[in-house]
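> Got chain A sorted already, so can you dock chain B onto it with the hints?
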Amino acid sequence: MTRVWNRLARRIALLLEPAERDAVLGDIAESGATGFQGFRDVAGLAARRQLALWKHFRPWLALVAVAIPAGFLMGLASRWLASGYNLYSWILWNYRDLDPSLLAESHMSLDHGIWGVARASLTLLAWSWSSGYIIGYLSRFATWLTGTVFCTFFLLAPVSYALHERSAGASALIVAGVALAASLFGMHVGRRPSLTALMQVTFWVASILTALTVYNGFWWPPWRGMHAVLLVLSAFLPAALSINGIWALGRAAAKRQGWIKQPPR
Amino acid sequence: MLGEFEYLLLTAAARLGDDAYGAAIRQEIEKATGRRCSIGALYTTLDRLEQKGFVKTWMGESTPQRGGRAKRMIKVTGKGVREAQAFYSAVSKVTRGVSWESA
Numbered sequence: 000m001t002r003v004w005n006r007l008a009r010r011i012a013l014l015l016e017p018a019e020r021d022a023v024l025g026d027i028a029e030s031g032a033t034g035f036q037g038f039r040d041v042a043g044l045a046a047r048r049q050l051a052l053w054k055h056f057r058p059w060l061a062l063v064a065v066a067i068p069a070g071f072l073m074g075l076a077s078r079w080l081a082s083g084y085n086l087y088s089w090i091l092w093n094y095r096d097l098d099p100s101l102l103a104e105s106h107m108s109l110d111h112g113i114w115g116v117a118r119a120s121l122t123l124l125a126w127s128w129s130s131g132y133i134i135g136y137l138s139r140f141a142t143w144l145t146g147t148v149f150c151t152f153f154l155l156a157p158v159s160y161a162l163h164e165r166s167a168g169a170s171a172l173i174v175a176g177v178a179l180a181a182s183l184f185g186m187h188v189g190r191r192p193s194l195t196a197l198m199q200v201t202f203w204v205a206s207i208l209t210a211l212t213v214y215n216g217f218w219w220p221p222w223r224g225m226h227a228v229l230l231v232l233s234a235f236l237p238a239a240l241s242i243n244g245i246w247a248l249g250r251a252a253a254k255r256q257g258w259i260k261q262p263p264r
Numbered sequence: 000m001l002g003e004f005e006y007l008l009l010t011a012a013a014r015l016g017d018d019a020y021g022a023a024i025r026q027e028i029e030k031a032t033g034r035r036c037s038i039g040a041l042y043t044t045l046d047r048l049e050q051k052g053f054v055k056t057w058m059g060e061s062t063p064q065r066g067g068r069a070k071r072m073i074k075v076t077g078k079g080v081r082e083a084q085a086f087y088s089a090v091s092k093v094t095r096g097v098s099w100e101s102a
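So the protein sequences, as listed, match chains A and B.
Residues 0 to 264 (numbering that gives the first Met the number 0) make up the first sequence, in order.
Residues 0 to 102 (numbering that gives the first Met the number 0) make up the second sequence, in order.
The following block holds chain A by itself, in its conformation from the complex (with noise of 0.2 Å):
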């Protein structure tokens, strides 16, 4: 029992900053506190450190502003990407029974649906990935609550879809974990402080591209109206932080060059 009292010591513990963590650690190896001591004083620390982030805004914004929005957003969109799939993968395997005037009339002709699924899949993945790198930099310490709430989120119309649509519904939960995938590794990366030209790359490609889809329509009909400004604001959040980043290095250049003066003080 003792064993598992330490290890789960050592998980809590990682809740805290490396410094820190190594010095409860040591302190309690010390005290020589069994298993149950051990763990009760490690996780009262990684409490009281939780609750104090909870203090400063830049979590709450996280979780308002992006990992309640932005995951059921990419939920919805990770169903109507699994939709398209289902469609022009059937489209695909039965290309020879159909006529393609007939396709090409309903707009659903194959180089149309090929390079929309393309575009539509790197459209999330990209806004996956950003969303998942802004709830890790506002968030920091507190990205396990605030991604826990982003994954929920996240995954409630693919997991409903497939309740309901067991054959179909496969394909929204692949799409989904995949799309989940990137943004666990936003969120990784976004807790590491500085902005690194990857992401601002990112950034603008996410934006870039939805941007794009919405304007075309394409073949999420949701995307219009109410759908489609929430879509557009929450996609160009990264574009704001990055132009912010932009605008913060290109001072600090500034300065050193000896273009901007300190003001006296």
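Incorrect hints may have been included.
[Unchecked claim] Stretch by stretch, here's where chain A covers chain B in the computed footprint (C-beta under 8 Å, at least three residues):
(1) 17 to 27
(2) 48 to 55
(3) 58 to 64
(4) 67 to 73
Think of the hints as simulated: they come from the structure by calculation, not from any bench.
C-beta: ideal position from N, C-alpha, C; glycine also.
Leaving out everything else, chain B in the frame of chain A:
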């Protein structure tokens, strides 16, 4: 003005001098008060004291008995000493003439 636990922590750190670090301070406080001192309370109070400039902390060396993990070393600053003196003086003044003073 310091809080009671902040004063206990500062006093224990001052008493331990160069050997002041998390586990040693905790042991010192438990010995003095006869009550359990949680690591959560210790480290959050330590952060608060550091933010106020009453202590300075840094990561020290690791020992085998700590499983090779580093210690968080603590040193009371001049500002911390003055604050602890002010607290002690206030407690002494307010206790003077009270029935439990000599107990």
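> Now, for every hint given, state plainly whether the structure supports it.
Here is how each hint holds up against the structure:
no.	hint	verdict
1	17 to 27	holds (count 5)
2	48 to 55	violated (count 0)
3	58 to 64	holds (count 4)
4	67 to 73	holds (count 4)
In the structure shown, a violation is registered for the earlier hint numbered 2 alone.
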